[in-house]
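Could you build the full structure based on these sequences and the hints that come with them?
Each chain, letter by letter, is given below.
There are 2 protein chains.
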Amino acid sequence: MSPVVTPFDASLAVDPARLLNQCRWLLSQQVGLAVFGTNSEANSLAVSEKTALLDALLEGGIEPAWLLPGTGCCALPDTVALTRHAVSRGCAGVLMLPPFYYKGVSDDGLFASFSEVIQRVGDARLKIVLYHIPPVSGVGLSLELIERLLAAYPGTIAGIKDSGGAWRHTSAMLERGWDGFRIYAGSEAFLLKTMRAGGAGCISATANINPAAIARLRQNYRDTDAEARQAELNAVREVIMRYPMIPALKAVIAEGNGDPEWLRVRPPLVSLDEAQAKALSAELRAVGFSIARD
Amino acid sequence: MSPVVTPFDASLAVDPARLLNQCRWLLSQQVGLAVFGTNSEANSLAVSEKTALLDALLEGGIEPAWLLPGTGCCALPDTVALTRHAVSRGCAGVLMLPPFYYKGVSDDGLFASFSEVIQRVGDARLKIVLYHIPPVSGVGLSLELIERLLAAYPGTIAGIKDSGGAWRHTSAMLERGWDGFRIYAGSEAFLLKTMRAGGAGCISATANINPAAIARLRQNYRDTDAEARQAELNAVREVIMRYPMIPALKAVIAEGNGDPEWLRVRPPLVSLDEAQAKALSAELRAVGFSIARD
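Top line first, the protein sequences correspond to chains D and U. Read in order, the letters of the first sequence are residues 1 to 294 in our numbering. Read in order, the letters of the second sequence are residues 1001 to 1294 in our numbering.
It is worth saying that the hints were derived from the structure and are not from the lab. Here the structure is a predicted model, which is why all the values come from computation and not from measurement. Just so you know, even glycine gets a beta-carbon here, dropped at the ideal spot from N, CA and C. Keep in mind that a hint or two might mislead.
To be verified - Among chain D residues calculated to face chain U with C-beta under 10 Å, some are:
| id | residue |
| --- | --- |
| 1 | A42 |
| 2 | C73 |
| 3 | V139 |
| 4 | P267 |
Written out as structure tokens, the structure is:
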């Protein structure tokens, strides 16, 4: 899956038509839609912007079964509102950050947070993919917390996106073998390892620009050339990682689509300048990556 | 000033009547109202809850000149909405966090954030007290950023609350002597030092429970017994700091008011348990602090 980047118009308002276009292209590349993730600038969007965008995607013909919108906010009422909306629209599930303003909070407090959301939404269709990304959120999800949640809400706690960057944590979860719990690497750098250990795939920012190759490795991870395919993914990812991630993804999409509107980010992020965008483009071509879209 | 703690009812909804009561009491103790600060659990409240609470305080007779509501959110539209609302109601100013989800953002990006808010609010009455609290927000405000903002918006950038915990940073700002820029310590532990160096006072969580003594030291910091008064404030603060801050403040207010409703916090925070509340109370009495309110 891809945390789909969010396009903005000249007034920095969200641009539903371009988002729909990106979503359709990702689906055509066999990649699902984790809209409103970290790399979607989701936390730079108001609740009402996210509900309106989700509705625009559905009205544009995107099947809700392909959608895993991010719904975790700092404030309980916001998380409940977004989650309820996603469930009511039939989305496959939601990707849920813990409340992330207060740091050093206890597992008891985090358990209570997820619990309150689940109880307030009160819908058996709710499927939550937990979102572990302590380098950004500052609030991690321990194995003990996940086990408590699974025990209390076995039909609802459906999986986790592990963007902690530590294979040890992903691996420890995979070893637990929690029944029906889907473990997604937070980046395709860990895709092959994750698949070999029984994981579900990855939800990765770079899937915005390199979706087909990532989806192919997930599908064919048992092939003899899987290591070589992983190395190719890594080469592209390593280029992107030398730039600020979200502006870099948008620069590649802008070039690939011949559409500079895609360059915009909301503050506090800053777009790549022209020199950076050119250098990125040259570095990607040097590793054999094709920027132009069909 | 006090970042006024926010009371919740049994359904975890905000409780305007109890907040109004706490605000009136703080004003009677000569302490101003930085509602919706970190210790107000402001980031656990939805935008609509904050606008409604502010209106309830004004309808309850609180003068807007005593109010410095926190308005900084992750998402630009939310910060604009809250700031515009506070300005329209005549509040003395606003306390503004930078957008705090994305970490490692540049001064250019933070400048653009504050700039967008100021331009979108577009009201000469707007006075911003910047909110520097990197231990919680994860996003600090550099001296260079503050200078850029002051140069661009001299009538609007009115001061800073420095909750970084590093006297070096507060001191560096005080030494710059920026004209008309009000520097508030983020805790009364630095109150005397701040006042002696030309600062404006402090905005401190413990002012929720120890307001009169803090206000008195600010007023009388030139007195010969000021060091002794600072030591008394520190003794109370050091007790509180041995507990989770917000639950501890609420436990003291609950005991002081004989009103256990005050104990509630929103997840991810957790209330003190009975044993903790008793121990806190005993420790406070041991340093000569009187919990009961007049």
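Hint check:
Hint status for A42 of chain D: holds, given a least beta-carbon distance of 9 Å to chain U, under 10 Å. Checking C73 of chain D against chain U: minimum C-beta separation of about 8 Å stays under 10 Å; hint holds. Hint on V139 of chain D holds. Least Cβ distance to chain U is approximately 8 Å, under the 10 Å limit. Because the beta carbon of P267 of chain D sits about 4 Å from the nearest beta carbon in chain U, less than 10 Å, this interface hint is met.
Hint check: no violations occur; every hint is consistent with the structure.
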